[in-house]
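Student: Chains B and W, in that order, are what the protein sequence lines are.
Counting from 1, one number per residue, gives the positions in the first sequence under the working numbering.
Counting from 1001, one number per residue, gives the positions in the second sequence under the working numbering.
Quick caveat, the hints were computed from the structure, so don't treat them as lab data.
This one's a predicted model, so the numbers in the text were calculated from it and none came from an experiment.
Think of the CB as a built atom: it goes at the ideal place given N, C-alpha and C, for glycine as much as any other residue.
One should not assume that every hint holds.
[As the list claims (entries may be wrong)] Interface residues of chain W toward chain B, partial, derived using beta-carbon atoms under 8 Å:
(1) Tyr-1023
(2) Thr-1026
(3) Gly-1057
(4) Ala-1067
(5) Ala-1073
(6) Tyr-1083
(7) Asp-1085
(8) Lys-1091
[What the hints assert, rightly or not] Stretches of chain B that chain W covers, calculated by requiring three or more beta carbons in the stretch to come under 8 Å of a beta carbon on chain W:
(9) 2 to 16
(10) 42 to 51
(11) 77 to 91
(12) 119 to 126
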Amino acid sequence: MRLSKGIKLILVALILLAVAATVGYKIIYKPHKSTQEQSAVFVGNAHLFQTKLNAQAKQWQNAIVQLKDTIRQKDAKGIMLGANIYCQMTDSLATAHLKAHQVVTIKGRFIGYDDLLGEVKLDQCIVTQ
Amino acid sequence: MKNIFLIVLISVISHSTWAQRYYTKTGLTEFKASVKAFEPIEAKNNSTTAVLNVANGQVASLLFVKAFRFRVALMEEHFNENYMDSDRFPKATFKGQLVGFKLADIDTQAKKYTLKGTLTIRGKRKDITTTASVYRQKNQLIVTSSLQVQPSNFDIKIPSIVRKKIAKTIQINTHYALIKRN
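Just need the whole structure built from these sequences, with the hints factored in.
Tutor: Here's what the structure looks like:
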């Protein structure tokens, strides 16, 4: 079957349009990056991270950090590490098997200092070991 | 001897003050600013901190703007960078009062109270009055509320090109499950 030049042009245009739409869709609807996929800019214990925050909190805004420390307390949605760092888990069941006084490594995002309760707050936390 | 007495007195007072507070660190605050026929604009923040002093009905809550989760990551990025400027204004806070609140009145049936206070977003304060509902669920106090605000209340500039896609009035809903502070 020989297609006329016009039809060929239309077909090419349609294919290009479909490709552009697909690429555009993929860019606009790119999924959130999980904590797992992101690398930690700080690795250490809760006390050391607290020291860094006391020196310069602003630079750590939304930073992904990895903390290895003792669980001081547990609740339904997260755990308290060290003196006052609350880690809200992405999946609350991830810490179901853990107990207070156990040492755990958590990776999460530092969202800020909670003035009302006097705590450092991390969210999107996962247990890395 | 006097010092020991003072220390004991202070710890007893501070403990009893705290014992009158119920709180959560993982309260739900959501907002909706959708316009029909356009992409839904809504997000949830599951990291809201809220404290209720049951002795006098005083309420304080705080949330981090970046903890609002949108279905579409790009929308979340625009929300933080273009509208909320959350690097400069990372927190939104509320300080107010549940008028006429009495802990003894609270049971499993929801009780409505007038909630009055000041909402601070992007450094701008707005006095608000709304209704809150409180009921007991096992060892928790569930406090829910709704209010409506406008972007202009907090100097949030909406470019004319997208104005039609964003609701003129933003609906904010809160659901806090508070537990007693030890």
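Student: Three residues minimum, CB to CB under 8 Å: does the stretch 2 to 16 of chain B make the cut for coverage by chain W? Let me know.
Tutor: Contact hint for the stretch 2 to 16 of chain B vs chain W: violated, 0 residues under 8 Å.
Student: Within the assertion that chain W covers the stretch 42 to 51 of chain B, do at least three residues meet a Cβ-to-Cβ distance smaller than 8 Å?
Tutor: With 0 residues in contact (Cβ-Cβ under 8 Å with chain W), the coverage given for the stretch 42 to 51 of chain B is violated.
Student: Should the hint that Lys-1091/W touches chain B count as held when the rule is a Cβ pair under 8 Å?
Tutor: Lys-1091/W check passes; min Cβ-Cβ to chain B is 6 Å, inside 8 Å.
Student: Taking the least C-beta to C-beta distance, is Ala-1073/W closer than 8 Å to chain B?
Tutor: For Ala-1073/W, the interface hint holds, since the closest Cβ of chain B sits about 5 Å away, which is under 8 Å.
Student: Mind checking the CB of Asp-1085/W against every CB in chain B and telling me if the closest is under 8 Å?
Tutor: violated (13 Å)
Student: Report holds or violated for the interface hint on Thr-1026/W, using the least CB-CB distance to chain B and a cut-off of 8 Å.
Tutor: holds (4 Å)
Student: With chain B as the partner, please determine if Ala-1067/W meets the hint condition of a C-beta pair closer than 8 Å.
Tutor: holds (5 Å)
Student: Next item in the hint list is Gly-1057/W. Is there a CB on chain B closer than 8 Å to its CB?
Tutor: violated (16 Å)
Student: So, Tyr-1083/W near chain B? Judge it on the closest CB pair being under 8 Å.
Tutor: violated (17 Å)
Student: Hint Tyr-1023/W vs chain B: min CB-CB distance below 8 Å?
Tutor: holds (7 Å)
Student: Examine the stretch 77 to 91 of chain B for residues whose CB is less than 8 Å from any CB of chain W, and state whether their number is three or more.
Tutor: holds (count 4)
Student: Mind taking a look at whether chain W covers the stretch 119 to 126 of chain B? Criterion is 3 or more residues with CB to CB distance under 8 Å.
Tutor: Holds, because 3 residues of the stretch 119 to 126 of chain B bring their Cβ atoms closer than 8 Å to Cβ atoms of chain W.
Consistency note: the structure conflicts with the earlier hints numbered 3, 6, 7, 9, 10.
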